[in-house]
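Chemist: So you can see what is in the structure, the chains are spelled out below.
There are 2 protein chains.
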Amino acid sequence: MTMPQYKLYYFNLRGWAEPARQLFKLAHVEFDDVRMENGTPEWEAFKPTTPFGQVPFLSIDDFKIPQSAAICRYLARKFGYAGKTAEEEAWADAIVDQFKDFVSPLRQFLMAQRAGDATEIERVQKEVFDPARRVFFKIINGILEKSTSGYLVGDGLTWADLVVADNLTTLEKLGVFNLSAEENQKLVAFREKVGAVPEIKEHNATRPEAVI
Amino acid sequence: MTMPQYKLYYFNLRGWAEPARQLFKLAHVEFDDVRMENGTPEWEAFKPTTPFGQVPFLSIDDFKIPQSAAICRYLARKFGYAGKTAEEEAWADAIVDQFKDFVSPLRQFLMAQRAGDATEIERVQKEVFDPARRVFFKIINGILEKSTSGYLVGDGLTWADLVVADNLTTLEKLGVFNLSAEENQKLVAFREKVGAVPEIKEHNATRPEAVI
Numbered sequence: 001m002t003m004p005q006y007k008l009y010y011f012n013l014r015g016w017a018e019p020a021r022q023l024f025k026l027a028h029v030e031f032d033d034v035r036m037e038n039g040t041p042e043w044e045a046f047k048p049t050t051p052f053g054q055v056p057f058l059s060i061d062d063f064k065i066p067q068s069a070a071i072c073r074y075l076a077r078k079f080g081y082a083g084k085t086a087e088e089e090a091w092a093d094a095i096v097d098q099f100k101d102f103v104s105p106l107r108q109f110l111m112a113q114r115a116g117d118a119t120e121i122e123r124v125q126k127e128v129f130d131p132a133r134r135v136f137f138k139i140i141n142g143i144l145e146k147s148t149s150g151y152l153v154g155d156g157l158t159w160a161d162l163v164v165a166d167n168l169t170t171l172e173k174l175g176v177f178n179l180s181a182e183e184n185q186k187l188v189a190f191r192e193k194v195g196a197v198p199e200i201k202e203h204n205a206t207r208p209e210a211v212i
Numbered sequence: 001m002t003m004p005q006y007k008l009y010y011f012n013l014r015g016w017a018e019p020a021r022q023l024f025k026l027a028h029v030e031f032d033d034v035r036m037e038n039g040t041p042e043w044e045a046f047k048p049t050t051p052f053g054q055v056p057f058l059s060i061d062d063f064k065i066p067q068s069a070a071i072c073r074y075l076a077r078k079f080g081y082a083g084k085t086a087e088e089e090a091w092a093d094a095i096v097d098q099f100k101d102f103v104s105p106l107r108q109f110l111m112a113q114r115a116g117d118a119t120e121i122e123r124v125q126k127e128v129f130d131p132a133r134r135v136f137f138k139i140i141n142g143i144l145e146k147s148t149s150g151y152l153v154g155d156g157l158t159w160a161d162l163v164v165a166d167n168l169t170t171l172e173k174l175g176v177f178n179l180s181a182e183e184n185q186k187l188v189a190f191r192e193k194v195g196a197v198p199e200i201k202e203h204n205a206t207r208p209e210a211v212i
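Just so you know, the protein sequences line up as chains A and B, in that order. Numbering-wise (the UniProt record's numbering), the first sequence opens with residue 1 and increments by one. Numbering-wise (the UniProt record's numbering), the second sequence opens with residue 1 and increments by one.
None of these hints come from the bench; they were simulated from the model. It is possible that part of the hints are untrue.
A short list of chain B residues far from chain A (calculated; beta carbon distances all over 10 Å) [to be verified]:
| id | residue |
| --- | --- |
| 1 | F24 |
| 2 | G39 |
| 3 | Q67 |
| 4 | A69 |
| 5 | I71 |
| 6 | E89 |
| 7 | W91 |
| 8 | S104 |
| 9 | R114 |
| 10 | L174 |
| 11 | A189 |
| 12 | K201 |
Part of the chain B face toward chain A, derived, beta carbon under 10 Å [stated by the list, open to error]:
| id | residue |
| --- | --- |
| 13 | P51 |
| 14 | F52 |
| 15 | G53 |
| 16 | F57 |
| 17 | P66 |
| 18 | A70 |
| 19 | R73 |
| 20 | R77 |
| 21 | K84 |
| 22 | A86 |
| 23 | D93 |
| 24 | A94 |
| 25 | I95 |
| 26 | V96 |
| 27 | V135 |
| 28 | I139 |
Pairwise CB distance ranges, derived in the manner of DEER restraints [what the hints assert, rightly or not]:
| id | chain 1 | residue 1 | chain 2 | residue 2 | range |
| --- | --- | --- | --- | --- | --- |
| 29 | B | V29 | A | T85 | 30 to 40 Å |
| 30 | B | A181 | A | S149 | 46 to 56 Å |
| 31 | A | S147 | B | D62 | 44 to 54 Å |
| 32 | A | S147 | B | V188 | 45 to 55 Å |
| 33 | A | W43 | B | T40 | 46 to 56 Å |
| 34 | B | E87 | A | K47 | 18 to 28 Å |
| 35 | B | V188 | A | N38 | 29 to 39 Å |
Quantities reported herein were computed from a predicted structural model and do not represent experimental measurements. We put the CB at the ideal spot given by N, CA and C, even for glycine.
Kindly produce the complete structure, drawing on both the sequences and the hints.
Modeler: Put into structure tokens, the structure is as follows:
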């Protein structure tokens with residue numbers, strides 16, 4: 001059996017494609033990291049050829065999978081990072097779903113920042129983003145408190161760890177994850193643990209710089 | 001091996017628990033359909049005992065799974081409604097993820113309706129909800145156009161069908177899914193097909209009435 005040819009299409013960002021890139025590195029599987037620029041004529045021409053009119057999507061030879069979480073779950077199961085039992089897989093899924101619930105307020109905050117109105121940025125941060133972050137961090141902290149491995153699910157690394165850890169970097173770069181705050185120390189230690197996995201460490205050190 | 005005891009905790013709504021209930025019916029597996037009332041002292045007291053401070057969650061003997069999509073995927077894989085290959089599973093996942101992207105604008109619309117300000121309802125519908133519905137319907141219609149089975153994934157019923165079909169009923173009840181519109185006929189036929197599966201037909205005919 002020849003190895004399938006993987007191509008991962010996304011913008012020149014970490015965002016929702018980064019955990020998929022990290023999964024390829026963890027598994028030592030070659031892939032084509034196709035990076036496009038949003039808003040360019042090239043992207044507009046390419047867009048209708050994507051499965052759902054958006055990126056990321058993954059092509060495996062001629063088969064295409066849209067939606068970031070679906071891509072990551074597919075790779076995680078193929079490469080052994082989805083959890084060791086059906087129950088562990090369900091927990092990894094649940095954590096990523098919880099993260100997806102957090103992404104919507106995060107996106108609102110990013111849009112406000114991009115629009116640049118200081119009053120509106122403050123309003124969205126206070127009314128929408130901060131409460132959502134509190135809920136999300138409380139859940140992740142609660143899981144880490146009970147974890148004996150330091151990982152979010154079971155005793156090994158799963159794609160849920162990759163999703164949550166890389167997003168902490170995004171939040172840090174956006175100025176909304178305070179590394180020195182006492183209440184964030186479990187999250188800081190968790191991100192360090194994930195970032196110390198040799199393949200992740202090398203990947204993160206050599207990847208293109210991006211805020212999100 | 002004794003059958004595990006399943007308990008599904010949710011509010012007295014269809015919402016995100018309904019596809020899980022339908023999966024139990026499809027598989028002819030008994031479960032305890034625990035329905036609580038949001039905002040009651042009982043719910044407030046119960047809330048901190050849930051895995052993520054929210055419902056739905058599923059308990060399987062002593063093991064708990066939070067987050068609706070994680071619950072449905074777990075049951076779908078156990079009962080044979082997740083897709084027949086890793087690739088079909090990824091497509092079912094992608095469709096549900098796309099649905100989750102649509103739920104956030106839908107929730108904004110519901111919140112505006114609940115608040116009751118007519119101008120704001122109209123604004124949210126026009127600026128947020130209608131564009132999101134157009135994107136979502138376009139994707140689902142595109143999938144149905146290519147489908148030879150009439151289902152969203154492969155040649156059989158998956159949990160993605162249940163999620164999308166039941167949501168069409170919610171949209172109909174909310175007055176934002178026009179059954180007579182020419183452009184909606186593929187979606188109408190799709191919902192009929194899913195609703196004609198004997199177990200689903202019986203379940204839907206006998207379930208408690210709820211708008212969402």
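Chemist: Now look at each hint and say whether the structure bears it out.
Modeler: Comparing the hints with the structure gives:
no., hint, in the structure
1, F24, "16 Å, holds"
2, G39, "18 Å, holds"
3, Q67, "4 Å, violated"
4, A69, "5 Å, violated"
5, I71, "7 Å, violated"
6, E89, "8 Å, violated"
7, W91, "7 Å, violated"
8, S104, "5 Å, violated"
9, R114, "17 Å, holds"
10, L174, "20 Å, holds"
11, A189, "22 Å, holds"
12, K201, "28 Å, holds"
13, P51, "8 Å, holds"
14, F52, "5 Å, holds"
15, G53, "7 Å, holds"
16, F57, "9 Å, holds"
17, P66, "5 Å, holds"
18, A70, "4 Å, holds"
19, R73, "6 Å, holds"
20, R77, "7 Å, holds"
21, K84, "14 Å, violated"
22, A86, "6 Å, holds"
23, D93, "4 Å, holds"
24, A94, "4 Å, holds"
25, I95, "8 Å, holds"
26, V96, "8 Å, holds"
27, V135, "7 Å, holds"
28, I139, "5 Å, holds"
29, B:V29 - A:T85: 30 to 40 Å, "19 Å, violated"
30, B:A181 - A:S149: 46 to 56 Å, "53 Å, holds"
31, A:S147 - B:D62: 44 to 54 Å, "18 Å, violated"
32, A:S147 - B:V188: 45 to 55 Å, "47 Å, holds"
33, A:W43 - B:T40: 46 to 56 Å, "50 Å, holds"
34, B:E87 - A:K47: 18 to 28 Å, "23 Å, holds"
35, B:V188 - A:N38: 29 to 39 Å, "35 Å, holds"
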